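Given only the sequences and the hints, what does the whole structure look like? Please build it.
The listed protein sequences derive, respectively, from chains A and B. Numbering of the first sequence is given in my numbering, commencing with residue -8 and proceeding in unit increments. Numbering of the second sequence is given in my numbering, commencing with residue 32 and proceeding in unit increments.
There's no promise every hint is true.
Partial pick of chain A residues on the chain B-facing surface, computed with a CB cut under 7 Å [stated by the list, open to error]:
| # | residue |
| --- | --- |
| 1 | Asp27 |
| 2 | Phe58 |
| 3 | Lys85 |
| 4 | Ser106 |
| 5 | Tyr155 |
It should be emphasised that the hints constitute simulated quantities derived from the structure, not laboratory data. What you are looking at is a predicted structure, and each value in this text was computed from that prediction instead of being measured. We treat Cβ as the ideally placed atom computed from N, Cα and C, and that holds for glycine.
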Amino acid sequence: MALSPPISEIAQLKDRPELAALLGWNINVVQAVKLDRDELTITLEPSSIREACAILRDDSTVTCNLFSDLTCVDWYPSEPRFDIAYHLLSTQRKARVRLKARLPGDEPRIESVVSVYPAANFFEREVFDLFGVRFEGHPYLRRIMMPEDWEGHPLRKDYPVEGYR
Amino acid sequence: MSTPTYTASMEQGQDNTMILNMGPQHPSTHGVLRLVLEIDGESVLRIMPDIGYLHTGIEKTYEAKFYQQCVPLADRMDYLSPFTNELGYVLAVEKLLGIEAPPRAQWIRVLMTELTRINSHLVWLGTHALDIGAMSVFLYCFREREDILRLYEMLAGQRMFDSYFRVGGLAMEVPLGFFDRVKQFADRFPERIDEYENLLTGNPIWTRRTKGVAHISAEDALAIGLTGPALRASGVDFDLRRDMPYSGYEKFQFKVPVSNDGDVFARYILRVEELRESNKIVQQCLAGMPEGPIKADAPKIVLPEREKMKTQMEALIYHFKIVTEGFVVPAGEVYVAVESPRGELGFYVVSDGTAKPYRVHVRAPSLANLQALPKLCEGRLIADVVAAIGSIDIVLGDVDR
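Written out as structure tokens, the structure reads:
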């Protein structure tokens, strides 16, 4: 099972229903695509994330009805610093898709998807708590893992593993 | 924690309501879950889970370890199902590397994962029944759990955090007589399930405490992110083992029990059915266990056999390099999900082409399932909250990580 090189041409992947639905909605929001190790990643314009999620959930050819996961990757010190990764699952098609939004290191903020997927609630709070990314429109954006009066965001790469002593 | 977390939002409550703080040391919250309830008499108007008391920063620790050093960390998240966590992690790293464990290793992994499911469901059944007032079930369940823990001990030397799976295979061959012991257990286990069912399923007190309690519809369950038995109890027929098979699950015949009732009783009966199905998978594993190696043929990733290390120079060099420098994983990212006893356990592993993971995120099924608690409890009685917490089967080590 050797690794095959990733495919990143939109033209080669436009048969995938997730990508087709997003391109059909607005061709400008898709910044990049990648099919690597059988996993499809679609990088989106950050401001479009909520509407893109709504389309992937409601489109009858995509039917991503289960919000699996949301997390963040800190690429400090390069820019754009934060990758927000959304994992959606369709229980009918038994297929996953990863959406990605890249945010700057300075005041990272993105629209919340809780109104589309209520399941995103705790995940967005976790990313807010541990990375300091603000989710606009979240119903209750407070720290979830760390104490309320904690300073800093522990999962950022510039935060030492052993903490500040 | 200096200030109560939910004061601001709770102030909107009416004058005739009361704020009740449940946990984090409450025995029925299965660990350190704190619930803030707004109640009017006995009925619950609002409920807010407050978590983080067990947050140990495992995801941060991952970033400082070599890939092979992360397996024991995976054990320690969901401490009731260590093998499932290990399986999710090693499958993710194997996918990043583009290697696959040999068939025998995959079958032993399935065997241990299903024993783990039985173990975890037994703890759940015992404590859930204890919460609702059926004391004796706990003693029966822990009798069989003890048998499984002894099997773990025989296999890997430890009763809980076994660290037995490795990237590319298993740590070692199973000890002599292990499969016979598993067979003895699996042969008598169905009778034991009947014993639990005799105590509970037809019991009028049990059915009154659970039937129609904490109902959730299929649409709500999907929207809130419920997975695993709790989702199937609401009528969504989805099981990762059958629908998106991994580690050779497509070779096994088993039923995925589904119910349309969506209440605490449905979730109970479904997990009991899963005990029977898991036992069948264990039997199939034992019957068809393939012979062969238990480690993939990837000398730069898998530690060599002890014998080879003592006799061959290359093996010694590889051993030294893996232990001191780790192995390099090609850059990329994968999301691998396995069906844990609680639901979809996902590992999102990002590699930057070095020997340490750049980022590991765990999609904890307990965290997502916990979000459903307000939906399950609001408008019901305080006593039902206890039944509802038990029925979504959360492990706080998994919630907080």
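Hint check:
no.: 1; hint: Asp27; verdict: holds (6 Å)
no.: 2; hint: Phe58; verdict: holds (6 Å)
no.: 3; hint: Lys85; verdict: holds (5 Å)
no.: 4; hint: Ser106; verdict: violated (11 Å)
no.: 5; hint: Tyr155; verdict: violated (13 Å)
The structure does not agree with the numbered hints 4 and 5 stated previously, though it agrees with the rest.
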